[in-house]
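At position 113 of the sequence shown the residue is numbered 113 (UniProt numbering), and the sequence of numbers has no breaks.
Worth double-checking, as some hints may not be accurate.
Stated by the list, open to error - Below, in silico cross-link-like pairs of lysine to any residue (SDA-like), each with a Cα-Cα straight-line distance of 25 Å or less:
no. : residue 1 : residue 2
1   : 25        : 77
2   : 55        : 68
3   : 55        : 77
4   : 55        : 25
5   : 25        : 91
6   : 25        : 71
7   : 55        : 79
8   : 25        : 79
As the list claims (entries may be wrong) - Restraint ranges, calculated between C-beta atoms of paired labels, are given here:
no. : residue 1 : residue 2 : range
9   : 132       : 25        : 13 to 21 Å
10  : 97        : 132       : 22 to 30 Å
11  : 52        : 134       : 30 to 38 Å
12  : 28        : 104       : 35 to 43 Å
13  : 52        : 79        : 31 to 39 Å
14  : 105       : 52        : 16 to 24 Å
15  : 28        : 53        : 29 to 37 Å
No lab work stands behind these hints, which were simulated from the structure alone. We put the beta carbon where it would ideally sit given N, CA and C, even for glycine.
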Amino acid sequence: MTKSEHELHVKVIPDLSEVDKIVQKPSIGRIVHYTLSEGDVALINERTPRAVDGKLMRNSVEAGEVYPAVIIRVWSADSGCANLRVLLDGHADYWATSRVWDDPDVERTPRYSPDPNHEGPGYAGGTWHWPARA
């Protein structure tokens, strides 16, 4: 086999570390991660009691905490605007409407660090992001 024949059979594998932007398009049923904002926490505490008739229904929530969420409706696949059903810790969930993908190139504050040592870029409250690859 000559070199040119061999080159025809070479498969180019993209560098997956560069594919993390919104190359993935949001679609109904996809699981994403949602970062709670202070406003989210206030609404959750107002609408969903932690205990009912002495029975614990959910654990407490704080701004900056990240929870899994299911995409319920997509308003714009290009911007990542979607309605989400956020799965809280317990017998409760939270309907987060018209939430956007957390583009790391867009300046949003505050950003909550996913790392207990506050290292890394962090995520903006009230936005969603794709789960990290395991």
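Now the hints, each set against the structure:
no.	hint	result
1	25 x 77	holds, 6 Å
2	55 x 68	holds, 24 Å
3	55 x 77	violated, 40 Å
4	55 x 25	violated, 40 Å
5	25 x 91	violated, 29 Å
6	25 x 71	holds, 11 Å
7	55 x 79	violated, 41 Å
8	25 x 79	holds, 9 Å
9	132 x 25: 13 to 21 Å	holds, 18 Å
10	97 x 132: 22 to 30 Å	holds, 25 Å
11	52 x 134: 30 to 38 Å	holds, 35 Å
12	28 x 104: 35 to 43 Å	violated, 25 Å
13	52 x 79: 31 to 39 Å	holds, 38 Å
14	105 x 52: 16 to 24 Å	violated, 43 Å
15	28 x 53: 29 to 37 Å	holds, 35 Å
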